[in-house]
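Chemist: As a plain string of letters, each chain reads:
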Amino acid sequence: MKVDPTVKRETAYVAISSVVLSVVMELVFIIIGKWDYRVLLGNLLGAGIAVLNFFLMGLTVQTAVKLEEKTARDKMKLSMTLRSMLLMLTAVLGILVPCFNAAATIIPLFFVRIAVALRPVVIRDKSTKSEEKREG
Amino acid sequence: MLELAIGIILGGCALGAGCAMIAGIGPGIGEGNAVAKACEAIGRQPESQGAVTTTMLMGCAIAETTGLYALVIAILLIFLAPGRFVNILLRSI
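Protein sequences, first through last, are from chains X and Y. Taking numbering that gives the first Met the number 0, the leading residue of the first sequence gets 0, the next gets one more, and so forth. Taking numbering that gives the first Met the number 0, the leading residue of the second sequence gets 0, the next gets one more, and so forth.
Think of the hints as simulated: they come from the structure by calculation, not from any bench. From a predicted model like this one, the values you see are computed outputs, not experimental measurements. Glycine included, every Cβ here is placed at the ideal spot set by N, Cα and C. Keep in mind that the hints are not guaranteed to be accurate.
From the derived model, a few chain Y residues whose C-beta atoms are all more than 10 Å from chain X [to be verified]:
1. 8
2. 41
3. 43
4. 85
What follows is a set of in silico ranges between Cβ atoms, one per label pair, in the way DEER data are often shown [stated by the list, open to error]:
5. 25/X - 86/Y: 27 to 33 Å
6. 77/X - 36/Y: 34 to 40 Å
7. 25/X - 61/Y: 21 to 27 Å
8. 4/X - 24/Y: 30 to 36 Å
9. 24/Y - 70/X: 19 to 25 Å
Go ahead and model the full structure; you've got the sequences and the hints to work with.
Modeler: Take a look at the structure:
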């Protein structure tokens with residue numbers, strides 16, 4: 000199955016944002032003096048699953064837009080259920096397995112939301128810079 | 000009496016987690032509707048597929064966060080809250 004360039008681009012944006020936000024989170028843990036290897040492992044698990052979840056959603060959307068309305072709706076609902084189960088499993092793993100820090104596993108799951116919220120700022124900044132270059 | 004109190008705590012936590020997961024229904028329906036409307040839009044204007052897909056991806060990501068909040072609250076209520084509440088109860092006796 001060929002991945003749509005839009006999905007690739009957006010997943011790359013979300014992945015880069017997750018890496019940046021993960022570094023910020025690690026720094027916060029270091030500053031408050033709570034950092035240990037479990038924070039790093041939890042962060043890797045949470046951020047990885049968050050990006051994977053977004054990519055799977057992109058793949059579903061890419062397939063669904065080529066289908067009929069009703070089939071697309073059902074496909075999206077099924078995908079949402081399965082991806083929610085994946086997130087639930089991740090959060091449960093983060094809480095129950097001692098080698099993961101619970102907070103460091105759960106917080107990265109929200110990085111996608113933060114990345115999407117910051118997107119207009121980043122995109123506007125890029126477009127402003129390119130306009131300045133053209134004018135300059 | 001203590002067993003009854005612990006039972007009420009555990010039952011309350013489970014009930015709370017179940018109530019929290021009601022919020023998980025909304026994003027599924029919302030995403031489904033968004034994709035259905037996107038299909039309609041692309042059917043009308045096939046050249047706008049890229050723009051529609053980008054906007055929809057972002058919209059779906061935002062919609063899904065609501066379900067994620069509910070999921071996290073439910074997991075905290077199931078795994079962390081009962082222990083804390085029972086400890087508080089035992090300390091107060």
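Chemist: Give a verdict on every hint.
Modeler: So, going through the hints one by one against the coordinates:
no.: 1; hint: 8; result: holds, 18 Å
no.: 2; hint: 41; result: violated, 6 Å
no.: 3; hint: 43; result: holds, 12 Å
no.: 4; hint: 85; result: holds, 17 Å
no.: 5; hint: 25/X - 86/Y: 27 to 33 Å; result: holds, 30 Å
no.: 6; hint: 77/X - 36/Y: 34 to 40 Å; result: violated, 18 Å
no.: 7; hint: 25/X - 61/Y: 21 to 27 Å; result: holds, 26 Å
no.: 8; hint: 4/X - 24/Y: 30 to 36 Å; result: holds, 33 Å
no.: 9; hint: 24/Y - 70/X: 19 to 25 Å; result: holds, 20 Å
Figure legend: structure checked against the earlier numbered hints; hints not met, in rising order: 2 and 6.
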